[in-house]
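K.L.:
Listed below are the residues making up each chain.
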Amino acid sequence: MIKQVREKKPLIHCITNYVVANFQANGMLALGASPVMGDEAEEVEELASIADALSLNIGTLNQRSVESMLIAGRAANTKGIPVVLDPVGAGATSYRLSVIDQILKEVNVTAIRCNAGELAAIMRKDWSAKGVDAGEGEGDLTSIALEAAKKYGLIVAVTGPVDIVTDGDIVHEIQAGRQVMSSVTGMGCLLSSVTAAFLTVEQSVDAVAEAVQFYGEAGENAAAVSYSPGSFKTAFIDALYSMNESKIQKGGSR
Amino acid sequence: MIKQVREKKPLIHCITNYVVANFQANGMLALGASPVMGDEAEEVEELASIADALSLNIGTLNQRSVESMLIAGRAANTKGIPVVLDPVGAGATSYRLSVIDQILKEVNVTAIRCNAGELAAIMRKDWSAKGVDAGEGEGDLTSIALEAAKKYGLIVAVTGPVDIVTDGDIVHEIQAGRQVMSSVTGMGCLLSSVTAAFLTVEQSVDAVAEAVQFYGEAGENAAAVSYSPGSFKTAFIDALYSMNESKIQKGGSR
Amino acid sequence: MIKQVREKKPLIHCITNYVVANFQANGMLALGASPVMGDEAEEVEELASIADALSLNIGTLNQRSVESMLIAGRAANTKGIPVVLDPVGAGATSYRLSVIDQILKEVNVTAIRCNAGELAAIMRKDWSAKGVDAGEGEGDLTSIALEAAKKYGLIVAVTGPVDIVTDGDIVHEIQAGRQVMSSVTGMGCLLSSVTAAFLTVEQSVDAVAEAVQFYGEAGENAAAVSYSPGSFKTAFIDALYSMNESKIQKGGSR
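Chains as they are written, first to last, in full-length UniProt numbering: chain A, 1 to 254; chain B, 1 to 254; chain C, 1 to 254.
Taking lysine-lysine pairs in the BS3-like style, the calculated list, with each CA pair at most 27 Å apart, reads: (1) B:125 with B:151; (2) C:79 with C:8; (3) C:125 with B:8; (4) C:105 with C:125; (5) A:125 with A:151; (6) A:151 with A:79; (7) A:8 with A:79; (8) A:9 with B:125; (9) B:9 with B:79; (10) C:9 with A:125; (11) A:125 with C:8; (12) C:79 with C:3; (13) C:150 with C:125; (14) C:105 with C:151; (15) C:125 with B:9; (16) A:8 with B:125; (17) B:79 with B:8; (18) C:125 with C:151.
It is worth saying that the hints were derived from the structure and are not from the lab. As the structure is a prediction and not an experimental result, all values here were calculated from the model.
Could you put the whole structure together from the sequences, leaning on the hints where they help?
P.N.:
If you want it as structure tokens, here you go:
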């Protein structure tokens with residue numbers, strides 16, 4: 001599917017946080033997509049309207065950017081392009097949780113890409129998340145992902161030691177990637193945009209699974225170059241650039 | 001001219017976008033300039049007043065930062081220091097175009113550094129730009145650059161496969177750089193600030209041409225180290241740091 | 001002390017500038033701490049309340065983020081966690097100076113981490129700082145640091161060719177680090193957060209000195225890999241990740 005992404009060179013409108021914006025933009029360029037970043041309410045409707053997908057990230061949200069996310073989200077829905085939501089630090093503050101609820105209510109989101117703690121927070125499950133980290137909890141993650149997918153009518157991709165991708169029906173369980181990926185900020189954020197790029201080829205749970213698998217394999221390739229986070233970050237961008245088709249390990253439906 | 005830049009160590013006030021700010025600041029330091037970034041209306045008049053040049057970039061503009069750009073621009077004009085405008089994604093939204101028009105009306109801009117699609121948008125020419133990418137069009141780029149330089153009474157540097165630098169009279173055509181430069185976000189943005197640094201030595205079309213030539217050669221040196229965008233980005237900062245005088249290939253006037 | 005930092009994996013709430021946010025977050029992760037960045041007034045009280053320390057940085061301050069810094073600072077004080085202030089470009093504008101005065105008045109700051117020019121500005125000493133650079137001045141830096149520590153009742157860490165760390169009583173003079181560190185943006189900003197992480201182990205002048213020493217040695221290790229700023233930046237993150245205990249060179253009290 002990466003070949004189709006590169007042929008299409010989709011324009012992805014990213015409203016994202018300033019911590020990861022540079023890494024995210026460079027990752028998208030390396031992938032073969034074209035990122036455009038802008039969060040001013042005056043222009044986001046127009047930006048979303050020329051884009052092939054919209055990628056929303058609340059990592060450093062503020063009242064101004066949240067308004068822009070809602071405007072862009074509605075414009076994306078009008079145009080029918082995929083919308084990916086990255087609910088960074090969902091459980092860290094009640095403000096984040098209320099913003100996520102509002103986005104999920106007012107925007108037709110195609111896919112949520114998050115970690116375990118963020119998913120648990122959205123679904124109001126007990127989880128020991130800390131800040132923007134995944135944390136640990138007791139529930140069965142696959143069940144929570146299925147429940148979330150059904151509740152909101154969207155695709156859920158929850159990444160961690162094992163990645164789970166589901167639309168509430170089909171479940172892909174993916175084992176790809178390396179631990180060092182959690183030592184680089186924005187690895188999840190960039191994956192969310194990469195997911196948006198794959199969804200421009202096909203709006204399906206399989207496309208999301210393929211994005212996650214592809215991304216994990218890029219992480220493995222980069223980890224083979226260096227396992228130190230500074231060098232790894234550089235090698236990861238190189239890996240996204242040089243990788244061709246991934247071997248998809250599909251999980252079964254349940 | 002790079003020697004004079006380094007001797008002067010000019011302070012460049014950059015009001016720029018959060019996607020490229022880190023890369024831009026590191027590039028300026030590697031060059032031998034001193035960047036200061038701040039976009040709060042309360043302080044930009046003072047920041048511009050202590051600076052040797054002002055570098056404006058609308059990549060992630062918002063109403064607050066646009067107001068600051070106008071204040072800083074007027075302060076720079078009062079002090080008589082060069083002002084460089086980077087009209088990122090000019091054609092992507094009508095808001096961007098109206099902001100550019102306003103800046104060009106209220107601020108005496110010394111030089112515009114942009115890509116073909118952005119120049120075409122400013123001059124209302126037909127062009128197939130997409131988001132913040134250069135895109136493709138039919139018109140003769142040199143003619144459009146000459147027209148823009150005359151219309152606004154400034155230097156135009158439009159970069160691409162061939163770079164064109166003109167003040168409406170003299171035209172430099174420069175062939176330097178490598179394709180991989182377009183796979184790293186902020187390469188154009190950083191060049192705009194580098195141009196501002198060169199303009200502190202001499203406010204002339206030749207200084208802009210030399211900045212563009214120098215920058216392209218740094219890109220060639222970095223591409224010789226690596227052609228993968230992650231590694232290239234790192235090598236490019238190293239190249240800016242280690243490079244001395246460039247060989248200027250001057251184009252003729254026409 | 002780094003072992004204790006890594007065992008604790010402290011959550012550091014950073015309200016920082018968009019120029020260095022990515023580097024700062026990656027440095028904190030490499031160190032073994034967990035950064036969370038957010039500057040919306042609606043949520044900073046909650047963010048500071050779940051954190052182990054608060055790191056404030058005014059590099060690209062604006063009225064909105066200043067309000068958030070004050071809210072977060074008061075919440076951190078209520079919880080009793082350390083607060084580190086990085087007064088970036090203190091002397092560059094009167095707005096910055098007034099904001100620093102306000103923070104020092106309304107928030108109980110544990111430590112200030114700055115360069116010579118910034119310290120001189122805060123203490124209204126004559127100093128030839130330029131923008132956000134350290135600059136040069138005539139006064140005895142150690143005396144000014146002692147005076148500041150006593151006046152505000154906090155720890156002062158002023159970094160430069162020789163680093164001075166004092167609580168107004170004990171003085172540590174530290175010689176560690178390499179000149180190339182001043183060619184990478186955010187080196188000081190990241191140190192301020194690293195200081196916050198060390199202060200979560202022990203709120204003492206010794207903890208700050210150890211953070212400064214550790215950081216300088218990481219710089220030496222990275223400089224041994226590369227002395228070009230692009231490669232150095234990458235090597236520095238790797239060095240933070242791989243370094244274990246540092247050899248502390250304690251200065252005497254005076």
